[in-house]
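Asker: Each chain is listed here by its residues.
Number of protein chains: 2
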Amino acid sequence: MKKFVNDPKQFVPEMLKGLALANPTTLTYVPEYNLIQRADAPNDNKVSIIQGSGSGHEPAHVMTVGPGMLDAACPGDVFAAPPMDYVYETTKRLASAKGVLLLVNNYTGDRMAFDMAQEMSQADGLTVRTLFIDDDVSVQDSTYTVGRRGVAGNFFVMKAVGAAAEAGADLDEVIRVGEKVNSVTRTMGIALTACTPPAKGSPLFELGEDEIEVGVGIHGEPGRRRAKWAPANDLVDELLNAVVPDLPFESGDSVALMINGLGGTPISELYLLFGVAHEKLRERGITVTRSYVGEYCTSLDMAGASLTLVKLDDEIDGLLDAPAEIAIRVF
Amino acid sequence: MKKFVNDPKQFVPEMLKGLALANPTTLTYVPEYNLIQRADAPNDNKVSIIQGSGSGHEPAHVMTVGPGMLDAACPGDVFAAPPMDYVYETTKRLASAKGVLLLVNNYTGDRMAFDMAQEMSQADGLTVRTLFIDDDVSVQDSTYTVGRRGVAGNFFVMKAVGAAAEAGADLDEVIRVGEKVNSVTRTMGIALTACTPPAKGSPLFELGEDEIEVGVGIHGEPGRRRAKWAPANDLVDELLNAVVPDLPFESGDSVALMINGLGGTPISELYLLFGVAHEKLRERGITVTRSYVGEYCTSLDMAGASLTLVKLDDEIDGLLDAPAEIAIRVF
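Just so you know, the protein sequences line up as chains A and B, in that order.
What the first sequence shows, in this note's numbering, is residues 24 to 354, in sequence order.
What the second sequence shows, in this note's numbering, is residues 24 to 354, in sequence order.
Errors might be hidden in some of the hints.
Since copy identity is lost for identical chains, a pair holds within one copy or between any two.
In silico PhoX-like links for lysine-lysine, alpha-carbon gap of 25 Å or less [unchecked claim]: (1) Lys25 - Lys223; (2) Lys203 - Lys121; (3) Lys203 - Lys251.
These are calculated hints, taken from the structure and not from any lab test.
Isolated chain A (complex conformation) (with noise of 0.2 Å):
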């Protein structure tokens, strides 16, 4: 294993430390509970909103903490779930008059800890609801998860509560915003490596030398099938095969179309898998009026890419549009 890291322990709690180094006034890092929140929360005018998960998806959900968006992150260790006090001890700190938001990508150990955090939280007479985020279309169950996985897609339910929330709306339409969009969002992925953990030093699954996963997990779960390599053209082929008839998306439609980079994958190629996807759905009378490309929820070190669309109507359009502010940046 090759990467830059010192102690597989200790990868987490350095990359946390780093991402605040680097955002020393608008992020708190609470080492006690791997704990990242913008240092102006939590806000008794507004509903606080907490995603956590697994690491080694950043940017997910680490690295979108800021205004607009996520008001806190309670990751685990590298594709493990938060540890439930951990998620409680997030809970009570983000506590707000307006109440608190827990999303959550729908993994089993994920759901388990964010129920019982919640369970706890309202025992403590917190206002505490949870929202599942399930936008994968590629298998209904896999190795962690009952019904569909949450993925890339997230970013967009992310956006939505983020902006709903910050223009003060009560967590009662947070709650049907963030609901709203994660129905009209679909995601796909193909892998073409598979993803080293810090920990195990080694890869997590084996690929051949020509072979891809399409449909992958972002923990390398199994997707529909193993292939042979193929070209771009074939490969978005694939995917919207599987996304756009899964809502269905509709010649009509207006959608914003995420090429999302799984880690391992440069910028390059996903600009290249955009533009392809860009005219494919044109052909399909399918118009892509806004767009995303690069990294939004990876799988460590693993070489892919995820084709995310959702369906726009005025409503999420103006949500998505809404600013917003997050650690990941360019200048």
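Assemble chain B onto chain A, guided by the hints.
Answerer: What follows is chain B alone, placed relative to chain A:
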């Protein structure tokens, strides 16, 4: 080779097409000359700034076009200088009454193309000057370079001259600013893996399972030494021991610190490196007041990272603080 690519010969045009489709109102793609430009350029009230280089370093430079940064980028094929006549045509299209500044990372092939294009443009009566960037401290001469190579530190030069040009500075002043920033910027990188050009289909050089290249070039050129993998703390020491004494950066200095990913390294590892470097600089009495973590100048899918320091004063701090907007964005 497993990449998202169709015909390798069309890799760059297909990427540029995707980039333009993702930025339909702000960028214009001119396929005849592989040119990406601001849709609203040229502007006779500001110096036009153009950078070109081989492709494969994205976001540099085609994705750093926009207000406050480049007016156009003129890329060659992967790791190949742009053709002289493309640079010439780009320069003519971007001609402004205030002049044109060509930014060139110091590689012999790029110098030749840009020198000749500058001569041809000047023969046409255009006001055109060139600024060379050479921030890489690792080696004096290199496979494709006389003198030092230009690498990720070129971001700071682009940002500074972009800010000065946007504020209406004349060509002499823009060049003064660019030379000043280049003179206080130092970089060195480490490769954990080689990179694979789409047209070659196999790694450009060989690195053993536990080997790294210290001081690697962004085209895979050899650095200072081939070494055994070591923990992140030790690798940051090696980078700082090369970069800090070179200027030198000294106790009491304020610096911008950039940890730049080389294409295949996830952002989690980059933040880990950032945290380690931040602390080690503090121990040397050097204060990080500006933070940059992510991909700025890559080498296709190479796993690795570079560390850049810029010595700040009020003028440079102001230029780096100025608003700018480029194609790479989150929202």
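Asker: Now, for every hint given, state plainly whether the structure supports it.
Answerer: Hint check:
Both within a single protomer and between protomers do Lys25 and Lys223 lie at most 25 Å apart by alpha-carbon distance, with minima of 12 Å and 24 Å respectively. Taking the shortest Cα distances, Lys203 and Lys121 sit within 25 Å of each other inside one copy (20 Å), while across copies they are farther apart (51 Å). Within a single copy, Lys203 and Lys251 get their C-alpha atoms no closer than 36 Å, and across copies no closer than 51 Å, so neither meets the 25 Å cut-off.
The structure is inconsistent with hint 3 alone, although it conforms to all the rest.
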